[in-house]
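Listed below, chain by chain, are the residues.
Protein chains: 2
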Amino acid sequence: MAYHLLERDRDGGRRLARQLGAAMDGIVHCAQCRDFSESERCPICASATRDGALLCVVESPADRLAIEQATGYRGLYFVLQGRLSPLDGIGPRELGLEQLAARLADTGVQELIIATNPTVEGEATAHYLAQLARQHKVRPSRIAHGVPLGGELEYIDRGTLSHAFGSRSEVND
Amino acid sequence: MAYHLLERDRDGGRRLARQLGAAMDGIVHCAQCRDFSESERCPICASATRDGALLCVVESPADRLAIEQATGYRGLYFVLQGRLSPLDGIGPRELGLEQLAARLADTGVQELIIATNPTVEGEATAHYLAQLARQHKVRPSRIAHGVPLGGELEYIDRGTLSHAFGSRSEVND
Numbered sequence: 240m241a242y243h244l245l246e247r248d249r250d251g252g253r254r255l256a257r258q259l260g261a262a263m264d265g266i267v268h269c270a271q272c273r274d275f276s277e278s279e280r281c282p283i284c285a286s287a288t289r290d291g292a293l294l295c296v297v298e299s300p301a302d303r304l305a306i307e308q309a310t311g312y313r314g315l316y317f318v319l320q321g322r323l324s325p326l327d328g329i330g331p332r333e334l335g336l337e338q339l340a341a342r343l344a345d346t347g348v349q350e351l352i353i354a355t356n357p358t359v360e361g362e363a364t365a366h367y368l369a370q371l372a373r374q375h376k377v378r379p380s381r382i383a384h385g386v387p388l389g390g391e392l393e394y395i396d397r398g399t400l401s402h403a404f405g406s407r408s409e410v411n412d
Numbered sequence: 240m241a242y243h244l245l246e247r248d249r250d251g252g253r254r255l256a257r258q259l260g261a262a263m264d265g266i267v268h269c270a271q272c273r274d275f276s277e278s279e280r281c282p283i284c285a286s287a288t289r290d291g292a293l294l295c296v297v298e299s300p301a302d303r304l305a306i307e308q309a310t311g312y313r314g315l316y317f318v319l320q321g322r323l324s325p326l327d328g329i330g331p332r333e334l335g336l337e338q339l340a341a342r343l344a345d346t347g348v349q350e351l352i353i354a355t356n357p358t359v360e361g362e363a364t365a366h367y368l369a370q371l372a373r374q375h376k377v378r379p380s381r382i383a384h385g386v387p388l389g390g391e392l393e394y395i396d397r398g399t400l401s402h403a404f405g406s407r408s409e410v411n412d
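Protein chains in written order, with the numbering used here: chain A, 240 to 412; chain B, 240 to 412.
If we strip away everything but chain A, and leave its shape as in the complex, we get (with noise of 0.2 Å):
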């Protein structure tokens, strides 16, 4: 990319600098979400629209993109931007859990969608905030984990079709 700008677009190179400049001064963590945002909250949060019994609990601001992207959820989110990892550091201070707690306390959540990444270090921290959820009385829920859609049974992995086959459901009309 440095090649093609010093080559055939210098003056982009520059707007792009600026850009770039501009973000990384301007961009600021969103005060209720955690999510990168251009003012104190960002336009998820600050919108009447959205349901407030609703929170999604996501590891990084890319995966709260492919949900708003993907799914029609209307809720607000909260953004971990990473997940428990004792090893390198990482507990709930980092992860602003006491933040959490004190919304799941203040604020009329019902539901928390916990929407970690199906991963080791995922699923611990679905465990920890589903017990947070729990003593603040609200609701924890997880996303369904199992065989994607269009995928063939025999081509996934044996911990998924085990999941996908255990954690099977009723068929109603």
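Think of the hints as simulated: they come from the structure by calculation, not from any bench.
Reference listing, derived: stretches of chain B covered by chain A, where coverage requires no fewer than 3 residues with Cβ under 8 Å from a Cβ of chain A:
hint, region
1, 347 to 355
2, 382 to 393
3, 402 to 408
Heads up, the beta-carbon is just placed ideally off N, CA and C, and yes, glycines get one too.
Knowing the structure of chain A, use the given hints to seat chain B on it.
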């Protein structure tokens, strides 16, 4: 493979030819589950230790093998050897669904675990199977679909993420 056998291992090639010929002549469909078998009933159907109250329907013998290797399932199987695909002329008759219906009616099956692939045709087949189960007062269930274990939300396709989000479930202690 043919060049390797011709150059290095003509005896091995002859053994392979004999085995392949014997398999082509000797392997039949199990009379009970339609899987490939060397005898009239396959070892799983013939086993006295499997639980006859559980019947798992899969599309192919490879799917049955995957489930058998990945899970601790101790019930029986029914192998469709395909999926409903009217455009290709594959209907209930070609999948042996009359045989399946007779089995649901006669034997003590309590749960029909529908493990067809989560593709368009697999889902249509699953829908048909669920109706068939209900007609015979058997409880239909479907394996879980969602984010595969170890996957990251950011890289999951939108359809799967949307489904995983929509079919989230409450976290219990």
